[in-house]
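Got chain Z; can you put chain A on it based on the hints?
Here is how the chains run, residue by residue.
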Amino acid sequence: MKCTTEGIAGFGCDPWWLIGGKALVIFVFLVLTVLLSMWVERRVIGRMQLRIGPNRCGPFGLLQGLADGVKLALKEDIVPAGVDKVVFWLAPVVSAVPAFISFIIIPFGPTVSIFGHQTQLQGTDLPVAVLLVLAMSSMGIYGIVLAGWSSMSPYSLLGGLRSSAQMISYEIAMSLSFVAVFMFAGSMSTSQIVAGQQHIWYGVLLLPSFLIYIITMMGESNRIPFDLPEGEGELVGGFHTEYSSLKFAMFFLAEYINLATLSALATTLFLGGWHAPPPITTIWAGANSGWWPVLWFLIKIWAFIFFFIWLRGSLPRVRYDQLMKLGWKVLMPISLGWILLVATIRTASREGLNQTQLLIYGGITIAVVLVGSFAWDLVATSGRQVDPYAEPERATAAEPAQGGFPVPPLDLPHYHGVLPETAARKEVSSGTH
Amino acid sequence: MDLYIPIIVLGVLAFGFAGFSVVMGALSGPKRWNKAKLEAYECGIEPTPQPVGGGRFPVKYYLTAMLFIVFDIEIIFLYPWAVAFNRFAGWFGLIEMVLFIATVLVAYAYIWRRGGLEWD
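Protein sequences appear in the order of chains Z and A. The first sequence: position 124 = 124 (our numbering), numbered continuously. The second sequence: position 106 = 539 (our numbering), numbered continuously.
So that you can see chain Z by itself, here it is in the shape it has in the complex (with noise of 0.2 Å):
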């Protein structure tokens, strides 16, 4: 079979050793990360928060994240009385597996020559290759909903469908931020979608599209400014608060390779994938060849996952209400309409309308939705026009008689100390919430 060429073709016909080796590479890069990752973070954060963070453990304290899943499986692996044994034990494998999955369609760089043999720096590709990302985004909240539900506690339960209702609300807008990046690659390939960056990334031609995916790719890796599941003062640990051990470790493990997934993902379809930065390239023919498109990819990689971090030390966490309201009122009819922008543009260029037509015609859209809001705002308000000049109505502090809420009276006496009625309290029984 022929391997030599470049898309889709190039794929699916490695030997086995090279399909073994390049799924072992991967498994190892993504646990490599995984450890090198935290130990980043707690760093970075450390110093964001003037502290020194971990450097006991190793040089620089490079091997903490190493120790922490050393002593993790140490320690005791409590499986609660009450949980469903078998869903308890199979949440924790369903959110790691699709984790590690996702990031077999990342392009790590060109066509390479491996023991003589030539063949894509990338696990495999297929025609519907963003798709399996998202599909196995989506099987990994099989993991945190059946460990909520499994775990029979109010927090995990809790945790569970939040974390679960804010990844799918998420999801929503982060798919039809990838639409515009389709239409100009003319593919879900991952390496079509890289190789139609050869001279503009789509990052900056279609930047609405790409801040949208940043947005998103937060709420997607439950992470700050949009860590709700785990909210510590309301919900303890979330949907894995009675996991312990390595079972605990695994959801761990599986949110940490999402936030390298999803930086891996924004590189691919808005960065330029494994292209060099546009300096880098004018001094130096040579950048996009070889071996060396890996150490741009990782840079970039690297340059989200401090992102994220940094975000991480600097932003509060947003309440649930304005979560949803962002991901279902604001970015989901943004991306709509920018795909419908993208889409008009690109139709009138191709069929050859010059920019004065553009104009005209973008005014007379602009003008009829105008009056047609103008005349809408005046048929919905003539029913109900206020005169401005009408005196005010007064409120009237309601009493608890009329209906008022019962507000204790101001000066009420201050008491130090137990009343004797309250001194015996009768144990009341913990209700449900």
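Do not rely on the hints blindly, as some may be mistaken.
Lysine-lysine pairs mimicking DSS-like chemistry, simulated, CA-CA at most 27 Å apart [said to hold, decoys possible]:
1. A:Lys493 / Z:Lys75
2. Z:Lys325 / A:Lys493
3. Z:Lys329 / A:Lys493
4. A:Lys464 / Z:Lys325
5. Z:Lys85 / A:Lys468
6. A:Lys470 / Z:Lys71
7. Z:Lys75 / Z:Lys85
8. Z:Lys71 / A:Lys493
9. A:Lys464 / Z:Lys75
10. Z:Lys71 / Z:Lys85
11. A:Lys464 / Z:Lys71
12. A:Lys470 / Z:Lys75
13. A:Lys470 / Z:Lys85
Chain A regions said to be covered by chain Z (calculated; three or more residues, Cβ under 8 Å) [stated by the list, open to error]:
14. 494-504
15. 507-516
Sample of chain A residues facing chain Z (criterion: CB under 8 Å; computed from the structure) [said to hold, decoys possible]:
16. Ala459
17. Arg465
18. Leu527
Source of the hints: derived by calculation from the structure; they are not laboratory data. Built from N, CA and C at the ideal position, the CB exists for glycine as well.
Leaving out everything else, chain A in the frame of chain Z:
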């Protein structure tokens, strides 16, 4: 099919690792039985009795899931259109998609007005 073999290989590798870790965690740690330790954690108070099957939860989550399905299917229709966009001749592709999105927008406006997107 050759394209999918690496996915299966990595999946098996990841499953092996995750399964091994979960089983190892249960075997390698100490086991010290304690009744209070096996109760659901609720900051130290006695755990709320949980009904079998997880009990009830706010209907909001159910509604969100339903809305997600509606709009996710819309997006799935957008993807092939976007991929084939360069192959459409003339304004046909654009107008078709505008009609489709307008139809879904009616549902969107309805949900918005009925308060389906409010979270309180």
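Results of checking the hints against the structure:
no.: 1; hint: A:Lys493 / Z:Lys75; in the structure: 38 Å, violated
no.: 2; hint: Z:Lys325 / A:Lys493; in the structure: 13 Å, holds
no.: 3; hint: Z:Lys329 / A:Lys493; in the structure: 16 Å, holds
no.: 4; hint: A:Lys464 / Z:Lys325; in the structure: 46 Å, violated
no.: 5; hint: Z:Lys85 / A:Lys468; in the structure: 17 Å, holds
no.: 6; hint: A:Lys470 / Z:Lys71; in the structure: 19 Å, holds
no.: 7; hint: Z:Lys75 / Z:Lys85; in the structure: 19 Å, holds
no.: 8; hint: Z:Lys71 / A:Lys493; in the structure: 39 Å, violated
no.: 9; hint: A:Lys464 / Z:Lys75; in the structure: 9 Å, holds
no.: 10; hint: Z:Lys71 / Z:Lys85; in the structure: 24 Å, holds
no.: 11; hint: A:Lys464 / Z:Lys71; in the structure: 15 Å, holds
no.: 12; hint: A:Lys470 / Z:Lys75; in the structure: 14 Å, holds
no.: 13; hint: A:Lys470 / Z:Lys85; in the structure: 16 Å, holds
no.: 14; hint: 494-504; in the structure: holds (count 6)
no.: 15; hint: 507-516; in the structure: holds (count 5)
no.: 16; hint: Ala459; in the structure: 5 Å, holds
no.: 17; hint: Arg465; in the structure: 7 Å, holds
no.: 18; hint: Leu527; in the structure: 5 Å, holds
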